[in-house]
Amino acid sequence: MTGPTTPASPASPTSTAARPKSYSSPLETPRPHLGHAVASEWTKLISVRSTVWTLGSLVLLVVGIGLLAVSETRSSDYREVPLTAPALFGLLVGQIPVMVLGVLTITSEYGTGMIRTTLTAAPDRARVLTAKYLVFATTAFLTISGSVAVVGLASAILRGGSAAGPHGASEWTHALAGCLYVTLLGVLGLAVGAMLRHSAGAIAVMLGLVTLPPVIGAMLSMWETLAPIGSTVLRYNAPVALMRLFGLSGADTGNSPGSAAQVLLIVLVTGASVAGSYAVVGRRDV
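Position 170 of the sequence shown, counting from 1, maps to 169 under numbering that gives the first Met the number 0, and the rest follow consecutively.
Just so you know, not all the hints are guaranteed correct.
[What the hints assert, rightly or not] Simulated restraints on C-beta separations:
1. Glu223 with Met113: 31 to 41 angstroms
2. Trp41 with Ala199: 23 to 33 angstroms
3. Gly207 with Thr137: 25 to 35 angstroms
I should point out that these hints are in silico values taken from the structure, not numbers from a laboratory. Backbone N, C-alpha and C fix where the C-beta goes; we use that ideal spot for every residue, glycine too.
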């Protein structure tokens, strides 16, 4: 008769062989970085219909209205204005789709709840927000500048003869500054959308920032005590800035601020809003 058997000790070969081995994936698992976030945001941007509608309407407005303006002018009309000036007429309206797309780049994820999936896959919120800014700004600037270039080249070919007078490269530089200005308006819309997390509210704020200053400035100018404030508002707003950047004489009112001042103002406002978006998105819950 044999006695009871004792269980194998933890160090016995039998128990060691029964333990599962740690799994090692055969696939390469690189450390996440900004490039991965940029690729993800690019995929999302080109996968939604809002991108096609907003950027498509921008191109139609700038190129369509611009070419119409070129066809309705004479070569002598360009003695006092740049060859890129016809693009401004469509861009004054086309800036609205750019701002709308900037807002929807982030608020659409909050509306559908997709932002939870995004931040679960990429917990670094600053990296996600940076990728959104980079992808949107690059796409918007290339689309805007390409549309302006089409109009400028058309006017240079059709109206750039000797009757139009000399035109230097500075016209194209100022036009690029105008494209940058509209791009920054879209980036500002993205920052406002990141802080408000609501599409309609953020779009309303951006439309107010662009359309209301000329009206408010004109109203304030009616009262003598508020006239200096009204004059400042009338000189520093998006329509006047774009007219100044594209070299239209109607923007020169004697004491109108220069192009550098207009660009500096939008850079400061957008930079402050972007910094605020990083602070808000990094501290609050989804």
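Here is what the structure says about each hint:
The beta-carbon spacing between Glu223 and Met113, approximately 53 angstroms, falls outside the hinted interval of 31 to 41 angstroms. As the Cβ distance of Trp41 to Ala199 is approximately 26 angstroms, the hint placing it in 23 to 33 angstroms holds. Evaluation of the 25 to 35 angstroms hint for Gly207 and Thr137 yields a pass: the beta carbon distance comes to about 27 angstroms.
In this structure, only the earlier hint numbered 1 is contradicted, and the remaining ones agree with it.
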